[in-house]
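Protein chains in written order, with the numbering used here: chain A, 24 to 367; chain B, 24 to 367.
Certain hints may be false.
Distance condition first, Cα-Cα at most 16 angstroms in a straight line; then the derived EDC-like pairs of lysine to aspartate or glutamate [said to hold, decoys possible]:
(1) B:Lys139 / B:Asp125
(2) A:Lys55 / A:Glu102
(3) B:Lys283 / B:Glu313
(4) A:Lys139 / B:Asp125
(5) B:Lys139 / A:Glu191
(6) A:Lys272 / A:Asp121
Some but not every residue of chain B turned toward chain A, in silico, with C-beta under 8 angstroms [to be verified]:
(7) Glu65
(8) Ile123
(9) Leu124
(10) Asp150
(11) Ala151
(12) Cys180
(13) Glu183
(14) Ile184
(15) Val321
Hint data in this document are derived by calculation from the structure and do not stem from the laboratory.
Even for Gly, the Cβ is constructed at its ideal location relative to N, Cα and C.
There are 2 protein chains.
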Amino acid sequence: MLASSKTAWKEAKGDLTSLQSMVGPHLQALEKFLAREAEEFEPEIRELVEYCLQAGGKRIRASLAFLGGWREFDQVQDELVRLAAVVELVHLATLVHDDILDSADTRHNRITAARKFGSSTAVLLGDALFAQAVHLSTRFDTPEVCRQVALATRRVCVGEITQTLRSESKTLGIQEYYRIIDLKTAELFAVSCRLGALLAGYPEEYVTAVSEFGRRLGIGYQIYDDLVDFFGKEEKAGKTLGTDLQSGKLTLPLILLSEKLDEDGRKELYEDLRKGDETKIAVRTAEMVERGVFDAVVAAITEETDMAAAALEPFLNEPPSRPLLQLIDRLRAQIQALRSDGGL
Amino acid sequence: MLASSKTAWKEAKGDLTSLQSMVGPHLQALEKFLAREAEEFEPEIRELVEYCLQAGGKRIRASLAFLGGWREFDQVQDELVRLAAVVELVHLATLVHDDILDSADTRHNRITAARKFGSSTAVLLGDALFAQAVHLSTRFDTPEVCRQVALATRRVCVGEITQTLRSESKTLGIQEYYRIIDLKTAELFAVSCRLGALLAGYPEEYVTAVSEFGRRLGIGYQIYDDLVDFFGKEEKAGKTLGTDLQSGKLTLPLILLSEKLDEDGRKELYEDLRKGDETKIAVRTAEMVERGVFDAVVAAITEETDMAAAALEPFLNEPPSRPLLQLIDRLRAQIQALRSDGGL
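Let the sequences and hints guide you as you build the complete structure.
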């Protein structure tokens, strides 16, 4: 069951998202800011909010906000800290709601809010977190932050809704898949990068390029994340894996594998996955490697990261370009390591 | 089972909320605006959004926005139409989420979004509606709209969460009850009034008075609405009634009745209500009338509407004061009619 490649992928994830070395002082400022922000909530729910905030997470979107408006390693900009808090709160709100829908037990190695407080409370808690993100986004001089965050949030929801509605049917075209992940993941990646660059005062054409970088990285990252649901290990990922499969979510590995099967074979595939039988899923995972699906998914990620890098190509002298491109280098290196380790 | 008083109450509700005669042209402009707004959503969910928007509802909050910024009957102000759309979208989002929590089947005589599209989709649909409300609220010259709407939304959620958390315990003090309805209902009533007056350019002290009017009306209205859960008829209310009782929501009629019982009596009361047995609920409703609970609840409503009226007292020459006070007159008249009809 490809244990070595699994490990490699999990390391790749760890590496891409262990952003401490890149934006350490910025993330520390963010955590302080979020702790203060929790105190703004009414006493009745402060403890619930703190529970959600302490869940941590990888702070990828926050890091993208910092990197999008990058000046220097130790130059923490207050406006970017506030922006990072906004995008993390929005993301947190969507996670709280996602975990209700997926009936997930754990996330970032902690019991989910839905499981801990009940799904009714979790619906409202997610709403309150989002409302606070919006409230925070009105504290900027420009209304652009609030406007773009609201728009991105709407799109994230539309992506998730489409995914939910489509999971009932058993086919999903590759184009539809890309549309869904563009909405549900890449949108907020793009907005985090774009608003970071905007608030830091970078010129318009660079803001646009950074935004495109974020979008492509977001698509690549989501494809990668979908692969983890097959090849990952729960204790490393820190969340309930396999929920995508059982909830009928159609992701790229699955779409590509099902394209290689006839109608009966496809039915059997979905049957296997829905049952959640570990042995059968392991067989399917092995089948993915054998039939080139694994390679094709990696190629799809590479295509996105190449486009992300290309967007920054004309602006290599701008301070954010170098650290942003480092994100891509890390992912690429891990893909290489994966190939070697797994003998693929 | 007090059929006549029930009818009177339902008429009272119909009358208070049949705002067509007061703000007809404004509400028509709102409906047109909302229909256009639905087209701003991504094609994937447009139909779902339209379904929610067509559910109609009483548009009380929208009417309060119009009345708060009142000039003349046929003078429709674009900014107020937009504001009305914002507060209605926020309200609609909370209704979509509420109906998930309450497992309600109908609302405004239509199948709820939760029942029609599934609760997963309804969680996300509510999120998308709220995101769109925020997006719309960034189209004002002042960031105040967005700021106050976000804050009010957070408070609405906190009110609902507290209610949910408290429904598990079986006691609720009157003060706690007031705190909950202040947050979950009066907050958005107050903001609708306040922002209406603000956008219409009324002086600050009048804006504050109109806001206080909205808050008091909101509290009175919520107490009234809680009474309907006991004394209302489902086909008239247009929504599943009795869900408050079965979900363990503690409302003023219930709190006041339970205060008149000893510990065993209280246990029996909650037992009766939770089972949802209609005969037993009818007995409890009659008991409320006999033991003066009904009167006490009406007195509580009157106290709030008196305070609402008092807030406007110093400003009777401002154009919004007259129509706002009419809302109170209508409710008072219906309370009187209720007493006569029901022989209470």
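Hint check:
1. B:Lys139 / B:Asp125: 15 angstroms, holds
2. A:Lys55 / A:Glu102: With Cα atoms ~14 angstroms apart, Lys55 (chain A) and Glu102 (chain A) stay inside 16 angstroms; holds.
3. B:Lys283 / B:Glu313: Given pair Lys283 (chain B), Glu313 (chain B) holds - Cα atoms ~12 angstroms apart, limit 16 angstroms.
4. A:Lys139 / B:Asp125: Since the Cα atoms of Lys139 (chain A) and Asp125 (chain B) sit roughly 19 angstroms apart, the hinted pair is violated (cutoff 16 angstroms).
5. B:Lys139 / A:Glu191: 14 angstroms, holds
6. A:Lys272 / A:Asp121: Roughly 13 angstroms between the alpha carbons, so the hint for Lys272 (chain A) and Asp121 (chain A) holds.
7. Glu65: With a minimum Cβ separation of about 4 angstroms from chain A (threshold 8 angstroms), the hint on Glu65 (chain B) holds.
8. Ile123: 6 angstroms, holds
9. Leu124: At 4 angstroms from the nearest chain A Cβ, Leu124 (chain B) passes the 8 angstroms test, so the hint holds.
10. Asp150: Holds: closest Cβ of chain A sits about 5 angstroms from Asp150 (chain B), inside 8 angstroms.
11. Ala151: Since chain A brings a Cβ to about 4 angstroms from Ala151 (chain B), closer than 8 angstroms, the hint holds.
12. Cys180: 4 angstroms, holds
13. Glu183: 5 angstroms, holds
14. Ile184: 5 angstroms, holds
15. Val321: Violated, because the Cβ-Cβ distance from Val321 (chain B) to chain A comes to roughly 29 angstroms (cut-off 8 angstroms).
Violated hints for the displayed structure, listed by number in ascending order: 4, 15.
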